[in-house]
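Take a look at the letters that make up each chain.
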Amino acid sequence: MSHKALSRNQIAWRAAQDLEDGMVVNLGLGMPVLCANFRPEGREVLLQSENGVLGVGPVATPEQEDRDLTDAGSQLITLIPGASIFSSSDSFAMIRGGHIDVTLLGGFEVAENGDLANWDAEIPGKGPLIGGAMDLAVGAKEVRIMMQHTTRDGAPRLLEQCRYKLTAPNCVKRIYTDLAVVDVTADGFMVCEMIDGLGREELQARSGAKLRFADNCKVLATPDV
Amino acid sequence: MIDKRVASIEEALAGLGDGMTIMFGGFGGAGVPINLMRALPAIPAKDLTIVSNSVRFLEDYAHALFEEKRVKHAVASAARSRGSASGISELQLADGTLTLDNSPQGSFAERIRAGGAGIPAFYTPTGVGTPVAEGKEHREFNGQMCVLEHALTADFTLMRADRADRYGNLYFRGTQGNFGRDMAAAAKCTVVEVREIVDDLLPTADIHVPGVFVKRIIQLPDARDA
Chain A
1 MSHKALSRNQ
11 IAWRAAQDLE
21 DGMVVNLGLG
31 MPVLCANFRP
41 EGREVLLQSE
51 NGVLGVGPVA
61 TPEQEDRDLT
71 DAGSQLITLI
81 PGASIFSSSD
91 SFAMIRGGHI
101 DVTLLGGFEV
111 AENGDLANWD
121 AEIPGKGPLI
131 GGAMDLAVGA
141 KEVRIMMQHT
151 TRDGAPRLLE
161 QCRYKLTAPN
171 CVKRIYTDLA
181 VVDVTADGFM
191 VCEMIDGLGR
201 EELQARSGAK
211 LRFADNCKVL
221 ATPDV
Chain B
1001 MIDKRVASIE
1011 EALAGLGDGM
1021 TIMFGGFGGA
1031 GVPINLMRAL
1041 PAIPAKDLTI
1051 VSNSVRFLED
1061 YAHALFEEKR
1071 VKHAVASAAR
1081 SRGSASGISE
1091 LQLADGTLTL
1101 DNSPQGSFAE
1111 RIRAGGAGIP
1121 AFYTPTGVGT
1131 PVAEGKEHRE
1141 FNGQMCVLEH
1151 ALTADFTLMR
1161 ADRADRYGNL
1171 YFRGTQGNFG
1181 RDMAAAAKCT
1191 VVEVREIVDD
1201 LLPTADIHVP
1211 GVFVKRIIQL
1221 PDARDA
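Same order as they appear, the protein sequences are chains A and B. The numbering of the first sequence is my numbering, which starts it at 1 and goes up by one. The numbering of the second sequence is my numbering, which starts it at 1001 and goes up by one.
Treat the hints as calculated values from the structure; they're not laboratory data. Since the structure is predicted, the reported quantities are computational estimates derived from the model, not experimental observations. Treat the hints with caution; some may be incorrect.
Keeping only pairs whose Cα atoms sit at most 20 Å apart, straight-line, the calculated EDC-like set for lysine to aspartate or glutamate is [stated by the list, open to error]:
1) B:Lys1188 with B:Asp1095
2) A:Lys126 with B:Glu1196
3) A:Lys165 with B:Glu1010
4) A:Lys126 with B:Glu1067
5) B:Lys1136 with B:Asp1162
6) B:Lys1046 with B:Asp1018
7) A:Lys165 with B:Asp1101
8) A:Lys173 with A:Glu160
9) A:Lys173 with A:Glu20
10) B:Lys1004 with B:Glu1134
11) A:Lys173 with A:Asp196
12) A:Lys126 with B:Asp1060
13) A:Lys4 with A:Glu160
14) A:Lys4 with A:Glu202
15) B:Lys1046 with B:Asp1095
16) A:Lys126 with B:Asp1095
17) B:Lys1046 with B:Glu1010
18) A:Lys141 with A:Asp66
Sequences and hints are given; from them, build the entire structure.
Pasting the structure below:
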């Protein structure tokens, strides 16, 4: 069988479909921030950025750019009506106090018990960057991860145990990859959706821990975004 | 009469010396005290501890501090320099010239808030089960394991705001406030560079940081325009 893995935008589109009306969501750097472009119409989803914004709007157009209005990734942003701006400690009171419904974060590795590693890839000569990842992983009500299913070299990222240093133990609920949507359950990884043209054995071969497949495992289909 | 205005960078940084701890506001490019950072290398102070969410802003604007090995310790959530090559702070971390207290950003912010509020330490679940909790006191609350994090205080805080008045009251534009709002209270001497010192006093609704936390204000143009 032949298959076509999802693009970064398609992974983001899929993850965005699970954001419900009324949710407060923090999007991590990298692929997660792309979800802002694919929020389903008619749903009010409030985006929080850890530099102290609730109600992040679209990235600023050149005419809208204001150097003093940024998100945590240094992008120049706009605000939606009703947005608020606050201190870093208030921002993390929001995050650590359980006021964020969902955080979507990038990941290096996820273990079958929900352990997450996403902050230190141990690149020689490069310093560590924790940022807000540990706080979000512990404090958000639900942690969802977006990442490629395997590394560039084809090594699995869904593992029995993380090899990299942990961001937080037992925190991941759902993983969106270019091949599948996988939930972390008490019994390990459970595939809910997978792309067409890829066999279950092939997906298993690209994973470093045992996969189970939901009874109603669906085709992971996205528009060509 | 209360008047916290100073006319020169020399006055703004007077008293800054060896062995001191300096906090720096700013995040994502907003609220970074670029003018004050640039002035730092001219102050003859060494064995400094810096408290800054990211080390790289100081590397960008006060590179000589690292070249001259005058920073001995950093407290930061991010210690990654720009680009794929090693920055000077990364090289110094690797060879031990510089030591790092790598703090999760929320713990970092709360440690500063606590420092300014007279709270010496607090427990948090953030970091448990990771390298940042190693060697720290652990205690379980309501079935959740937590780690003890100690407050951060400083001799100086350097930060940028948009407007100030002679009381030291501060008004921020956009997301300038970030860590500065917390750091203002956590230092003995908080120095704020602002675009404008207003002639009168700021309207109450515009005051984001009460002047009581601020010692010196100096009007300096936005360094990004230079």
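Structure-based check of all given hints:
For the hint pairing Lys1188 (chain B) with Asp1095 (chain B), the CA-to-CA distance comes to about 32 Å; that exceeds 20 Å, so the pair is violated. Only pairs whose Cα atoms come within 20 Å are accepted, and Lys126 (chain A) paired with Glu1196 (chain B) is rejected, the gap being roughly 39 Å. For the hint pairing Lys165 (chain A) with Glu1010 (chain B), the CA-to-CA distance comes to about 44 Å; that exceeds 20 Å, so the pair is violated. Annotation: proposed proximity of Lys126 (chain A) to Glu1067 (chain B) holds, straight-line Cα distance about 18 Å (limit 20 Å).
Restraint check: the Cα-Cα separation between Lys1136 (chain B) and Asp1162 (chain B) comes to about 39 Å, which exceeds 20 Å; the hinted pair is violated. Of the pairs offered as hints, the one joining Lys1046 (chain B) and Asp1018 (chain B) holds, with about 5 Å between alpha carbons and a cut-off of 20 Å not exceeded. Restraint check for Lys165 (chain A) and Asp1101 (chain B): satisfied, since their Cα atoms lie roughly 16 Å apart, inside the 20 Å limit. A threshold of 20 Å between alpha carbons decides the hint, and for Lys173 (chain A) with Glu160 (chain A) the separation of about 15 Å falls inside it, so the pair holds.
In summary, the hint linking Lys173 (chain A) to Glu20 (chain A) is supported, as the alpha carbons are separated by about 16 Å, within the 20 Å threshold. At roughly 43 Å between alpha-carbon atoms, Lys1004 (chain B) and Glu1134 (chain B) are farther apart than 20 Å, so this suggested pair is violated. Restraint check for Lys173 (chain A) and Asp196 (chain A): the C-alpha separation of about 23 Å exceeds 20 Å, so the hint is violated. The suggested pairing of Lys126 (chain A) with Asp1060 (chain B) holds, with an alpha-carbon distance near 16 Å, which does not exceed 20 Å.
In summary, the hint linking Lys4 (chain A) to Glu160 (chain A) is not supported, as the alpha carbons are separated by about 26 Å, beyond the 20 Å threshold. In summary, the hint linking Lys4 (chain A) to Glu202 (chain A) is supported, as the alpha carbons are separated by about 13 Å, within the 20 Å threshold. For the hint linking Lys1046 (chain B) to Asp1095 (chain B), the alpha-carbon distance of about 18 Å falls within 20 Å, and the restraint holds. As the CA atoms of Lys126 (chain A) and Asp1095 (chain B) are separated by approximately 13 Å, the hinted pair is consistent with the 20 Å bound.
At roughly 17 Å between alpha-carbon atoms, Lys1046 (chain B) and Glu1010 (chain B) fall within 20 Å of each other, so this suggested pair holds. At most 20 Å may separate the alpha-carbon atoms for a hinted pair to count; Lys141 (chain A) and Asp66 (chain A) exceed this at roughly 32 Å.
When each numbered hint is compared with the structure, violations occur for hints 1, 2, 3, 5, 10, 11, 13, 18.
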